[in-house]
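Since chain A is already given, all that's left is putting chain B with the ligand on it; use the hints.
So the sequence lines, in the order shown, correspond to chains A and B. Counting with UniProt numbering, you get residues 1 to 290 for the letters of the first sequence. Counting with UniProt numbering, you get residues 1 to 224 for the letters of the second sequence.
A few of these clues could be false.
[To be verified] Which bits of chain A does chain B cover? Going by a derived footprint, with three or more residues having C-beta under 8 Å, they are:
#, stretch
1, 26–36
2, 108–114
3, 237–250
Honestly, the hints are just simulated from the structure, not real lab data. We treat Cβ as the ideally placed atom computed from N, Cα and C, and that holds for glycine.
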Amino acid sequence: MYKSALDIIDLTEKYGCRICDVVLMNECKTSEKSKDEVRQRVKDVLNVMRESAKSGLNDSIKSVSGIIGGNAKKVEEYRKKGRTVCGDVVNKAVARALSSSEVNAAMGKIVACPTAGSCGIVPAAIITSGEIINADEELLIDALLTASGIGQIIAKNATLSGAEGGCQAECGSASAMAAAAIVEMFGGTPKMAFNASAIALKNILGLVCDPVAGLVEVPCSKRNAMGVVNAMSSADMALSGVESVIPFDEVVTAMYKVGKMLPSELRETALGGLAATPTAIKISKEIGME
Amino acid sequence: MYMKGIGVFDVMGPIMIGPSSSHTAGAERLGRAARSILGEEFNKVNFYLHGSFAKTYKGHGTDRALVAGILGMETYDERIKYSFDIAKENKIEVNFIEEDLGEVHPNTVKIEFVKDDESKSFIIGSSIGGGSIAVINIDGEDVYFTGEYPTLIIKYKDKKGMISKISLAIALGDINIATLKVDRESKGEMATAVIETDHKVPENIIDEISKIEGVSSVKFIDAI
Ligand code: SF4
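In isolation and in its complexed conformation, chain A is listed as follows:
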């Protein structure tokens, strides 16, 4: 089993293959399942992702607490009017990321990827980038395998949980996973993919976890939108040949150490950051969650 980006890059060079191939090979070995069985399970994951990234675009979804909802639909309608700052691709991705996160907050079905709070980033990234190159289902499955490979390395050497590492560990990791997936989908090399992941994670380093009223809604939902845009621009940079000065493995270690330095108030306890603002306290009181 690989433990680092370096291990994966070595394996891809040894076998002349992509990151997703290494990840698939390893999963088959450790789970004692065939390639087809693993790919079928990834397909199930993909289908749930497609649904969650879509259902908020047409219907206004309200969260259980009523704090958030309806934003995916707003962005989608705005995009359709044709006059936006970031253009179609970015706005589509943003709307999709918001959609999954609204579905999650409304007790709908999602895939925690890597967590429920950050569930909008990877689906929005691979579906939206896939559309540009008319990616077929197999390529989207490959992309999800690539993304999981990045997540496995972060889980091994750092953490994927906001309670342990802050939001950099959830939305930061999701963004890094998505960035590499896009690069491989676009035919970039494994090295480029890890450059994209490194850039994406560096950009979110230090982000705290401060959910208002302790709920996975504010700021989580919009951080999903940020996470996908960050992934896409990092992927573009890497595909153009831009490299990360600090290699991915070192960024992951740095992320873990930063997480350790974060006081517990900024790790999911809803005691600091945005959760401690007057407005957040007022909202918590209103919904009886103080």
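Using the frame of chain A, we list chain B with the ligand on its own:
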């Protein structure tokens, strides 16, 4: 996160009903653990919520997830949102009580089943992150298992050779032991063994273990 050798579906998964793996998926699995440990005959369930569970259960839907769990729904069941109505249709009364359960994980709940004849039994369990759970107490007795594997809970009188007899019976059933933990009140008193296995343990093996001299009870809980 299930940390054991992090597979790809631990990273992209579980497929679940939102909004939080520890407050919904974990809660639902705790409910399901209670059902599989305490049985399916109950008409009233009391949930004693501790710590973060007590503080945020309404906004996170932890209450609906717990009820879905005792009704046997899976983590990805879209009916979780409507579990209160389904409980009502099945004439099951549910109550939520905020309670300090002591020095336990912040996401802990005591789930008490009440039967027709008013007899009660309970489990205490924690949602320890990423949808993983730990059952820490059954009817007042401390235990620890995660429900990730099929689990045997065996009570017996502490004396030499008991563990080897029990593990022999399991091995003869061609079942591999993943972990084994033993706890006893004091030397020569009653002891409890919690054994996690790689495969489901069939009836006949459970029977064999019950027949071992000194064994007073055997409970099997399938993976949750
Ligand atoms: S703020 Fe916290 S709960 Fe929300 S997405 Fe980030 S890590 Fe998850």
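In terms of beta carbon proximity below 8 Å, does the stretch 108–114 of chain A have 3 or more residues touching chain B?
holds (count 7)
Can you confirm whether chain B covers the stretch 26–36 of chain A, using C-beta to C-beta distances below 8 Å and requiring at least three such residues?
Contact hint for the stretch 26–36 of chain A vs chain B: holds, 3 residues under 8 Å.
Quick check: do three or more residues in the stretch 237–250 of chain A have a beta carbon closer than 8 Å to a beta carbon of chain B?
The restraint on the stretch 237–250 of chain A is violated, since only 0 of its residues have a Cβ under 8 Å from chain B and three are required.
The structure shown violates just one earlier hint, number 3.
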